[in-house]
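A.B. asks: Grab the two chains, each in its own frame, and use the hints to assemble them into the complex.
So the protein sequences, as listed, match chains R and W.
Here my numbering runs 52 ahead of the position in the first sequence, where the first position is 1.
Here my numbering runs 730 ahead of the position in the second sequence, where the first position is 1.
Every clue listed holds true.
Quick list of in silico lysine-lysine cross-link-like pairs, DSBU-like style, CA-CA up to 35 Å:
#: 1; chain 1: R; residue 1: K199; chain 2: W; residue 2: K877
#: 2; chain 1: W; residue 1: K744; chain 2: W; residue 2: K877
#: 3; chain 1: R; residue 1: K95; chain 2: W; residue 2: K744
#: 4; chain 1: R; residue 1: K95; chain 2: W; residue 2: K868
#: 5; chain 1: W; residue 1: K781; chain 2: R; residue 2: K199
#: 6; chain 1: R; residue 1: K199; chain 2: W; residue 2: K868
#: 7; chain 1: W; residue 1: K781; chain 2: R; residue 2: K95
Just so you know, these hints were derived from the structure itself, not from any lab.
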Amino acid sequence: MIDDIDRALIVATQGGLPLVPRPYHALAEQLGLSADEVMRRLKIMLETGIIRRIGAVPNHYAIGWIANGMTVWDVADEQVDQLGERIGALDFVTHCYRRPRALPAWPFNLFAMVHGASRDECSAKAAEIRALLGEACRQSDILYSTKILKKSGLRIGS
Amino acid sequence: MRELATVDRKILAKLQGDFPICERPYAEAAEQIGISEDELLQRLQQLLADKVLTRFGPMFQIEEMGGAFVLAALAAPEARYDEVTALVNELPAVAHNYRREHALNMWFVLATETKDGIAEAIARIEHDTGLPVYAFPKEREFFVEMKLEARL
Numbered sequence: 053m054i055d056d057i058d059r060a061l062i063v064a065t066q067g068g069l070p071l072v073p074r075p076y077h078a079l080a081e082q083l084g085l086s087a088d089e090v091m092r093r094l095k096i097m098l099e100t101g102i103i104r105r106i107g108a109v110p111n112h113y114a115i116g117w118i119a120n121g122m123t124v125w126d127v128a129d130e131q132v133d134q135l136g137e138r139i140g141a142l143d144f145v146t147h148c149y150r151r152p153r154a155l156p157a158w159p160f161n162l163f164a165m166v167h168g169a170s171r172d173e174c175s176a177k178a179a180e181i182r183a184l185l186g187e188a189c190r191q192s193d194i195l196y197s198t199k200i201l202k203k204s205g206l207r208i209g210s
Numbered sequence: 731m732r733e734l735a736t737v738d739r740k741i742l743a744k745l746q747g748d749f750p751i752c753e754r755p756y757a758e759a760a761e762q763i764g765i766s767e768d769e770l771l772q773r774l775q776q777l778l779a780d781k782v783l784t785r786f787g788p789m790f791q792i793e794e795m796g797g798a799f800v801l802a803a804l805a806a807p808e809a810r811y812d813e814v815t816a817l818v819n820e821l822p823a824v825a826h827n828y829r830r831e832h833a834l835n836m837w838f839v840l841a842t843e844t845k846d847g848i849a850e851a852i853a854r855i856e857h858d859t860g861l862p863v864y865a866f867p868k869e870r871e872f873f874v875e876m877k878l879e880a881r882l
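For reference, chain W alone in the conformation it holds in the complex (with noise of 0.2 Å):
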């Protein structure tokens, strides 16, 4: 893990969101950071290269478009816990997998353009790990808003 620069934790803090559109938004996002396009366009290159950033871009809610987005677990035996999680993120589907600490170890979120692909894909994975998958779909959301500055 690395120190992070003044400049890209003020990149952090201003870009989680808001980016604009128009003909040059990295020069637009940069005078608000006060830094000039070439050396904000470096510095999001890099943190990306440092996997400080996981993706800069848009951030898209597949229920919108017809799709689906479900969280689901499973409790892969610790001697297979490698073969399952390739197994799991094989599948385009998954979007995100953790690691977590509980007899349901495996958490991942299934990302599918129709409501059906989410069944299809447990399926692929209960047939591909031989392991039950729990479907946990979301009945009704309180509140989502993962903005976090950085702690460095």
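If we strip away everything but chain R, and leave its shape as in the complex, we get (with noise of 0.2 Å):
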């Protein structure tokens, strides 16, 4: 769990760390801190988990990955979670998820996302999930994200 120091420097950072030649200093100054306690936090954070990681947080489209497609699929029950680890593993997958379903408009219980050039390349990937899937799989659809609608983030207030 997080206290009111660490609170505040989420709240600090969650837009961005300073592009400043000492950025950890810059916060400390900020928050009223010492520069060796805001990155003895950060590193605690960053252990636990708290903090992903730091850096640099792309927008895919600009780099090249044009087809973002999230592909969902109808997975037995029994079967999910077994190959969730093999889909996951796969390593043109960025994010794997069992989530459930909303019958009856929504019968997926498993999401993988895949990115590409082109959605040639998407489907592509998407019928090696298929294909590892097997008959464990009922149906299936790949949701191709068309724009960008926000990307902020993680947003607490201060």
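C.D. replies: Next comes the structure, spelled out in structure tokens:
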């Protein structure tokens, strides 16, 4: 769990790190902490997984991944976990989750994101997933994103 | 869409994680890329301005601090698409939102500091838009590693 100081650090950095030579010192000054304290807390948050990683978040369209497909699969419940592990292990899958169905509108319980320079590339990747799922898969779809409507990431209030 | 310089490509390849926590982290990262601290700072600024990067900094996992992160979708009528987008995006809890080709044509991620915040955000969106929201909380995570190299 986090305390108020961690929370203040999150609010101060969720939009990005200061682009100055000593960003952690700049944060320290802004928050009235020592730079060592800022760095110590960030390291702990990184170790405990509160911070997944620190770095650049690209707009994947702008770096050439113009086809972004959310592949969704209706997989037999008793096999979905074991198959989900194998799909998640494919090197081209960037996210893979089991999620609840919303019947009748939504019969799919396994989600895997694939990306490509073209839709053909995505559908070839989806075909590989399909082959791996075999008969456990009853139906599937690919939902291509056609526009980023918002991508601000986490925003908690100050 | 602009062509990326070799240096920018290197920045993208090297800096999607593992940014150091030390006194001069940009200097340290720049050395690995083979450029000066000053050049790295300038290039990051430009990549952000050009929207090649959406952000540079820590990526938080709100579940690890007691919050929740839930994928949700709705079917917005085409004639109301822009209006519904504005209503959904207005909520700070909406971290990402994508238009997708499907009857459920708007897919967004809700990130809230408390688990109850998700239901509140969904109720608010349903109220504001008059449309039902489908929530797809993750029941199990098999893999997440959103690191893509530049293809340009």
